[in-house]
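Asker: Single-letter residue listing:
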Amino acid sequence: MKINLWQQRRRNSLWVLVLVAVFLAALIFPAYQWTQANVKSMAGRHDSRMSPVILIPGSSATQNRFDRLVTQLNKADKQRHSLIKLTVKTDGTIKSTGTLRPRDNEPFIVVGFENNKDGYGNIQKQAKWFSLAFKLLARRYQFNNFKAIGHSNGGLVYTYFFEHYFTRDDITVKKLMTIGSPYNFSEANLSHKTQMLADFIKYRDRLPKQLAVFSVAGTENYDSDGLVPARSVEAGKYVYQGQVKHYTEVTVTGDNAQHSDLPQNEQIVSLIQEYILDSKKKTPTKALMGAN
Amino acid sequence: MGRCSMAISEQQLINRLVPTFLRVRQTDFYRVIQRTVMLTFPFVLIGSFSQIIQLTLLTKTGFLASIFHLSTWVPYYKYLHYPFDSLTDLTLNSVAIIAAFGAAKYYAKIYHRDDQLAGLTGAIALLLVAYDYSDQGQGSFNPVLIGTNGLTSAIIIGMIVGVFFRLLGKSTDTPRQSHTTQILDRTFASLLPMTLSFLLAVGAGLAINWLMLLDYSEQTLEQLQKIAMTSHSVGLMFGVAALSLIMEILGFAGPFQQRILANTPSMTTNLNYALSHHSAYHVPYPYTAHTLYEAFGTFGGTGMLLALIIAIIISSHNHNYHVVARWSLVPALFNSNGPMMTGLPILYNLIYAVPFVLAPLINMAVAALAIWLHWLPPMVYPVPLGTPGPLIAFIGTNGNWMALVIGMLDLAISVLIYLPFMHLAEATLHAAHEEILRSEMTGNEN
Numbered sequence: 001m002k003i004n005l006w007q008q009r010r011r012n013s014l015w016v017l018v019l020v021a022v023f024l025a026a027l028i029f030p031a032y033q034w035t036q037a038n039v040k041s042m043a044g045r046h047d048s049r050m051s052p053v054i055l056i057p058g059s060s061a062t063q064n065r066f067d068r069l070v071t072q073l074n075k076a077d078k079q080r081h082s083l084i085k086l087t088v089k090t091d092g093t094i095k096s097t098g099t100l101r102p103r104d105n106e107p108f109i110v111v112g113f114e115n116n117k118d119g120y121g122n123i124q125k126q127a128k129w130f131s132l133a134f135k136l137l138a139r140r141y142q143f144n145n146f147k148a149i150g151h152s153n154g155g156l157v158y159t160y161f162f163e164h165y166f167t168r169d170d171i172t173v174k175k176l177m178t179i180g181s182p183y184n185f186s187e188a189n190l191s192h193k194t195q196m197l198a199d200f201i202k203y204r205d206r207l208p209k210q211l212a213v214f215s216v217a218g219t220e221n222y223d224s225d226g227l228v229p230a231r232s233v234e235a236g237k238y239v240y241q242g243q244v245k246h247y248t249e250v251t252v253t254g255d256n257a258q259h260s261d262l263p264q265n266e267q268i269v270s271l272i273q274e275y276i277l278d279s280k281k282k283t284p285t286k287a288l289m290g291a292n
Numbered sequence: 293m294g295r296c297s298m299a300i301s302e303q304q305l306i307n308r309l310v311p312t313f314l315r316v317r318q319t320d321f322y323r324v325i326q327r328t329v330m331l332t333f334p335f336v337l338i339g340s341f342s343q344i345i346q347l348t349l350l351t352k353t354g355f356l357a358s359i360f361h362l363s364t365w366v367p368y369y370k371y372l373h374y375p376f377d378s379l380t381d382l383t384l385n386s387v388a389i390i391a392a393f394g395a396a397k398y399y400a401k402i403y404h405r406d407d408q409l410a411g412l413t414g415a416i417a418l419l420l421v422a423y424d425y426s427d428q429g430q431g432s433f434n435p436v437l438i439g440t441n442g443l444t445s446a447i448i449i450g451m452i453v454g455v456f457f458r459l460l461g462k463s464t465d466t467p468r469q470s471h472t473t474q475i476l477d478r479t480f481a482s483l484l485p486m487t488l489s490f491l492l493a494v495g496a497g498l499a500i501n502w503l504m505l506l507d508y509s510e511q512t513l514e515q516l517q518k519i520a521m522t523s524h525s526v527g528l529m530f531g532v533a534a535l536s537l538i539m540e541i542l543g544f545a546g547p548f549q550q551r552i553l554a555n556t557p558s559m560t561t562n563l564n565y566a567l568s569h570h571s572a573y574h575v576p577y578p579y580t581a582h583t584l585y586e587a588f589g590t591f592g593g594t595g596m597l598l599a600l601i602i603a604i605i606i607s608s609h610n611h612n613y614h615v616v617a618r619w620s621l622v623p624a625l626f627n628s629n630g631p632m633m634t635g636l637p638i639l640y641n642l643i644y645a646v647p648f649v650l651a652p653l654i655n656m657a658v659a660a661l662a663i664w665l666h667w668l669p670p671m672v673y674p675v676p677l678g679t680p681g682p683l684i685a686f687i688g689t690n691g692n693w694m695a696l697v698i699g700m701l702d703l704a705i706s707v708l709i710y711l712p713f714m715h716l717a718e719a720t721l722h723a724a725h726e727e728i729l730r731s732e733m734t735g736n737e738n
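Chains as they are written, first to last, in this note's numbering: chain U, 1 to 292; chain L, 293 to 738.
Among the hints, a few may not be true.
[As the list claims (entries may be wrong)] No farther apart than 25 angstroms at their CA atoms in a straight line, the calculated lysine-lysine pairs in the BS3-like style are these:
no., chain 1, residue 1, chain 2, residue 2
1, U, Lys78, U, Lys117
2, L, Lys370, U, Lys125
3, U, Lys89, L, Lys462
4, U, Lys174, U, Lys78
5, U, Lys78, U, Lys40
6, L, Lys352, U, Lys40
7, U, Lys85, U, Lys40
8, L, Lys352, U, Lys135
9, L, Lys462, L, Lys401
10, U, Lys202, U, Lys245
11, L, Lys352, U, Lys128
12, U, Lys89, U, Lys40
13, U, Lys128, L, Lys370
14, U, Lys85, U, Lys125
15, U, Lys193, U, Lys128
16, U, Lys117, U, Lys128
17, U, Lys209, U, Lys174
18, U, Lys209, U, Lys135
19, U, Lys209, U, Lys128
20, L, Lys370, U, Lys135
21, U, Lys125, L, Lys462
22, U, Lys95, U, Lys128
23, U, Lys89, U, Lys78
[To be verified] Negatives, chain L to chain U, calculated, CB over 10 angstroms:
no., residue
24, Arg323
25, Ile359
26, Trp365
27, His570
28, Arg618
29, Ala657
30, Ile687
It should be emphasised that the hints constitute simulated quantities derived from the structure, not laboratory data. What you are looking at is a predicted structure, and each value in this text was computed from that prediction instead of being measured. Heads up, the beta-carbon is just placed ideally off N, CA and C, and yes, glycines get one too.
Build the full structure now, drawing on both the sequences and the hints.
Answerer: See the structure below:
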């Protein structure tokens, strides 16, 4: 009697074990497919030689903001980079124009926003919208690194994006250039930190460690580019300096140094060519350094 | 013939060891611990089921969610995890409160004190110790002290409360009369031990907060984890694995306890090497905590408890063992070992300490040998959360069939390691049961 009871119990347990074993066996094939697909996509991204330049225009500017910059760069660089434009609507849907030219590994991708208004609240929203566009780009173009350029508030959107949304460890951002970005808005006095600057500083340890940052300021007179105080652009050092690999400040003057003209300023075009784009041939600076 | 003689010697060994373990079992101290741990079992069981649903189904990077792409086709997928968050938090992740309650209650009961009040005092004393005195976190508690890692400290706190009740309280042996004055009498008799317990607990809580004791111990643990994860010395890695296993069976968080999902430098280096060379053989760091311990040493959670469950199902004669094993099988499949730890229980169980430490280490050694012989590449690719133990290495090697075979072999070896210890534990239980029957028959309750 007791033996029978024990056998009954054991039979029940064995049934459970067999069921679980069958369940486990049934998972083997889907697991196999998943890992094969996952490794394939990882390898694809790893081997990818695509390295786009992703640009964000400032407030009140559209996705067409950088057209002249790209034309000038193509002329100077003697090659035709593709120009792809994305607009993120307020509901998160994305409209895209332009195509990737075959064998172009360094396209320019401009991400604009339907709501391109000024103000910290809008910048936070734009950073969120940018993260959606970035996700789409990462899936579509399978790059493992990219370069970033932000004009005016675009640089602020990038800063917020890097601190709050950029968590991918399979994609690195190599360089960031912010052009006339007002890290302290229109506040020229650095002892008055805006909420945005305080937040940027608070979360600065989340910034990518391997990033090289260039902050370009334009000046019409000694303290402003006509719109943004030079001191506000300078405040970027409190966010980036000592946190990223390099932080370089550049001030340009002369023709087209007014805030909105900065993207087509000749000096800035050559700065982008030299510091942001991947060098195809030996640059003169390198040759000079070798000669010394 | 050989098998027969081995069986006899195993039986002889069991006969010799049972009285020793029986004596340990019958101390008051051990009885309180055992009953307390078993009290937590139903909460841990429910919490574990909730946790594996949360982890494998409702986390985007979870195992079942990944392989069936659940996040893309299940409606409202983003919101489905909320009910399970709260359920897991208040069962599995606050189980130490129940342990403090149990330890104080059972201790007071042995000495015929008011066990109800003692239990509640124990639970509140634990919460006082774990209270977070930061300016923002009003009414929040330290998760380390409240969750499964706080079991041991909770039992100690509960026992201290029990000791206060024993020394300062009055016996409740008088025949039960629910007369209000008597209830009030009993309450006042417990007031002194209650007050003392609370004062001591508040003091301990403040001391922990101000001296940041937990931060220090956490940092030391993190440091240890870092050394173990970044070191490429195989000997050190096996040593740290053994240390983790021993700490785990004593109810503490070992260095390898938190499943290390963050990429360590060696993992990243290995992955990049494998992606560049389109092969995982010859990666720079083939023998790491990730490639050996996580891949081959944690089937069913820490201590390879999936093997013990199989051992029980195949050959146990104990009714309770079968019930616990059946209920623990599904959580263990997804590497949640809580139900087995508290249900059998494995925690603080001297008999199971040996296979608990030995089985993972031997599995790791077998896997290291197979990798060394180039039978399979080390696992370098990402593995989803809550992947069933035998499939971890298979997925992490991009579906290498040899990894699956080695995984199954490891599981079989572990079952063989656990079997004799399970027989010993069963014999001890049986002897204890007979002892109770005998004492009941003679009417000599002691």
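Asker: Each hint should be assessed against the structure and marked as holding or not.
Answerer: Hints versus structure:
{"no.": "1", "hint": "U:Lys78 / U:Lys117", "in the structure": "35 angstroms, violated"}
{"no.": "2", "hint": "L:Lys370 / U:Lys125", "in the structure": "20 angstroms, holds"}
{"no.": "3", "hint": "U:Lys89 / L:Lys462", "in the structure": "73 angstroms, violated"}
{"no.": "4", "hint": "U:Lys174 / U:Lys78", "in the structure": "23 angstroms, holds"}
{"no.": "5", "hint": "U:Lys78 / U:Lys40", "in the structure": "35 angstroms, violated"}
{"no.": "6", "hint": "L:Lys352 / U:Lys40", "in the structure": "19 angstroms, holds"}
{"no.": "7", "hint": "U:Lys85 / U:Lys40", "in the structure": "28 angstroms, violated"}
{"no.": "8", "hint": "L:Lys352 / U:Lys135", "in the structure": "16 angstroms, holds"}
{"no.": "9", "hint": "L:Lys462 / L:Lys401", "in the structure": "12 angstroms, holds"}
{"no.": "10", "hint": "U:Lys202 / U:Lys245", "in the structure": "18 angstroms, holds"}
{"no.": "11", "hint": "L:Lys352 / U:Lys128", "in the structure": "20 angstroms, holds"}
{"no.": "12", "hint": "U:Lys89 / U:Lys40", "in the structure": "32 angstroms, violated"}
{"no.": "13", "hint": "U:Lys128 / L:Lys370", "in the structure": "17 angstroms, holds"}
{"no.": "14", "hint": "U:Lys85 / U:Lys125", "in the structure": "19 angstroms, holds"}
{"no.": "15", "hint": "U:Lys193 / U:Lys128", "in the structure": "23 angstroms, holds"}
{"no.": "16", "hint": "U:Lys117 / U:Lys128", "in the structure": "14 angstroms, holds"}
{"no.": "17", "hint": "U:Lys209 / U:Lys174", "in the structure": "10 angstroms, holds"}
{"no.": "18", "hint": "U:Lys209 / U:Lys135", "in the structure": "21 angstroms, holds"}
{"no.": "19", "hint": "U:Lys209 / U:Lys128", "in the structure": "22 angstroms, holds"}
{"no.": "20", "hint": "L:Lys370 / U:Lys135", "in the structure": "17 angstroms, holds"}
{"no.": "21", "hint": "U:Lys125 / L:Lys462", "in the structure": "65 angstroms, violated"}
{"no.": "22", "hint": "U:Lys95 / U:Lys128", "in the structure": "16 angstroms, holds"}
{"no.": "23", "hint": "U:Lys89 / U:Lys78", "in the structure": "34 angstroms, violated"}
{"no.": "24", "hint": "Arg323", "in the structure": "27 angstroms, holds"}
{"no.": "25", "hint": "Ile359", "in the structure": "4 angstroms, violated"}
{"no.": "26", "hint": "Trp365", "in the structure": "14 angstroms, holds"}
{"no.": "27", "hint": "His570", "in the structure": "7 angstroms, violated"}
{"no.": "28", "hint": "Arg618", "in the structure": "5 angstroms, violated"}
{"no.": "29", "hint": "Ala657", "in the structure": "24 angstroms, holds"}
{"no.": "30", "hint": "Ile687", "in the structure": "5 angstroms, violated"}
The structure fails to meet hints 1, 3, 5, 7, 12, 21, 23, 25, 27, 28, 30 from the earlier list, while all remaining hints are met.
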